[in-house]
Amino acid sequence: MVNYHPSDELLMQFAAGQQSDALGLVIACHMEKCASCRQRTALYNHIGGELLDHSTPVEVSDNLLDAIMSKLDDDPEERNFEAGNIVLETKQCVPRPLRRFVPDEFSKLKWSGLSPNIKEYRLNIQDPHYTAKFYKISAGKELPQHTHRGNEFTLVMQGSFSDRAGDYHAGDFVLADATTIHQPKASEMEDCICFAVTDAPLKMTGFFGRFLNPFLS
Amino acid sequence: MSLDANQPPALDDLIVAIAQHRDKRAFQQLFQATASRLKAFAMQCGATAADAEELLQECMLTVWRKAHTYNPKSGTGITWLYTIVRNKRIDFARKGKYEMVQSDDLWPEETGEELEKDVASDLEASVVRNMLEILPDEQRQIVFKVYFEGKSHSEIANDLDLPLGTIKSRLRLAMKKLDTFAKEQMTWLIIILLTNF
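Chains as they are written, first to last, in my numbering: chain A, 1 to 217; chain B, 1001 to 1197.
Calculated from the structure, these hints are not laboratory results. Treat the hints with care, as some may be off.
Stated by the list, open to error - Listed next, the in silico DSS-like pairs over lysine-lysine satisfying Cα-Cα at most 27 Å (straight line):
no.	chain 1	residue 1	chain 2	residue 2
1	A	LYS33	B	LYS1066
2	A	LYS33	B	LYS1176
3	A	LYS71	B	LYS1095
4	A	LYS71	A	LYS185
Claimed, not checked - Computed footprint of chain A on chain B, listed as stretches where at least three residues anywhere in the stretch have a Cβ under 8 Å from a Cβ of chain A:
no.	segment
5	1046 to 1058
6	1076 to 1083
7	1095 to 1109
8	1134 to 1141
9	1156 to 1164
Computed from a predicted structure; not experimentally measured. Glycine included, C-beta positions come from ideal geometry on N, C-alpha and C.
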């Protein structure tokens, strides 16, 4: 059961197809798990349909219809990239929208250690505004207390974590910003793996935080 | 379903005819009915006239190939066309750059899964057609900027020379209004439906 959702603004931007690549992917991963946000997005698609319906017509070239009709019986171009919706057995646990961007299942990724219990994996997503990373917090361990210079959008992919504001489970979408000071702790049951998209690096606040900070930025 | 020559057929019926019968006449009618607006939409998103026609062509070819994925129970034909032009716009800007996000990554092809409130959305699709009209101009203007210009709140604030807080509260009001409106419609429709049985 998904309990934490993106705001209406974010869902509207998503339905408008106007989100930055990395942020769009976080929303898409959440939507995969969340029927209520799929439903809400249908409403914003409907608004898009209205905008299209009310667009003031612009004249179209005379020969365009003929050109299109002549192509109807052509075979569609072969898709030359691995489609995200092909279910790859080896990557079952990776959300579908990310499968093209993650080479392997979570356990086989080249994680780099921020500390023995906190590891990260940087995704190669071209986005001028956001950096996209996976974080893995070992079961029962916590991140140093920190705040954020900008916004951080996090989706829990596996396990769960908690901070003073709540408990977050797989599919939950969590926004942390400059007003959030937290110390997320993974549940004792299993490692917690999150997909986080950040528009500015983390800013550690505690002693270990300051110690860790240079490696993060 | 029949296509009555005296009355322009509904888009939804045309799309279904294309899907079920590979009906080229229905396809031509769909083109006539929507091409000038699809082109206009692309241009409102910033495309040149030439690019808009290329985009339009790709949209129409997708309509032909993917008509079977249209589910009249999950939305109107125009909304389905909207999702196509939105997705093609995204992919057009990233043509051949598969290391970038493509529309297929963000929106899976319909898998046949019905949304939880499929009955409600079916009803919504047939009756709630003018949600935008209920918004005051100042709120509608912001919705336009989100859909057509992809503007962030702070960019919209700059454009309109207004404080960021004003933009945020207007957008929030717009959302709330649309949501309330949709729910009211839904409630009425459910009452009508229930009393009819």
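Going down the list of hints, with the structure as the test:
1. Of the supplied pair hints, the one linking LYS33 (chain A) and LYS1066 (chain B) holds, its CA atoms being roughly 25 Å apart against a limit of 27 Å.
2. Between LYS33 (chain A) and LYS1176 (chain B) the alpha-carbon distance is near 24 Å, which keeps this suggested pair within the 27 Å criterion.
3. Under the criterion of a C-alpha separation no larger than 27 Å, the hint pairing LYS71 (chain A) with LYS1095 (chain B) is consistent with the structure, at around 20 Å.
4. For the hint pairing LYS71 (chain A) with LYS185 (chain A), the CA-to-CA distance comes to about 56 Å; that exceeds 27 Å, so the pair is violated.
5. Counting residues of the segment 1046 to 1058 of chain B whose C-beta lies closer than 8 Å to any C-beta of chain A gives 5; at least three are required, and the coverage claim holds.
6. Using a Cβ-Cβ cut-off of 8 Å, 7 residues of the segment 1076 to 1083 of chain B lie near chain A, which meets the minimum of three, so the contact claim holds.
7. Check on the segment 1095 to 1109 of chain B: 13 of its residues sit with their Cβ under 8 Å from a Cβ of chain A, so the three-residue criterion for coverage holds.
8. Only when three residues or more bring their CB closer than 8 Å to a CB of chain A does the claim for the segment 1134 to 1141 of chain B stand; here the count is 0, and the claim is violated.
9. For the segment 1156 to 1164 of chain B, the stated coverage by chain A is violated: 0 residues have a C-beta nearer than 8 Å to a C-beta of that chain, whereas at least 3 were required.
Of the numbered hints stated above, those contradicted by the structure are hints 4, 8 and 9, listed in ascending order.
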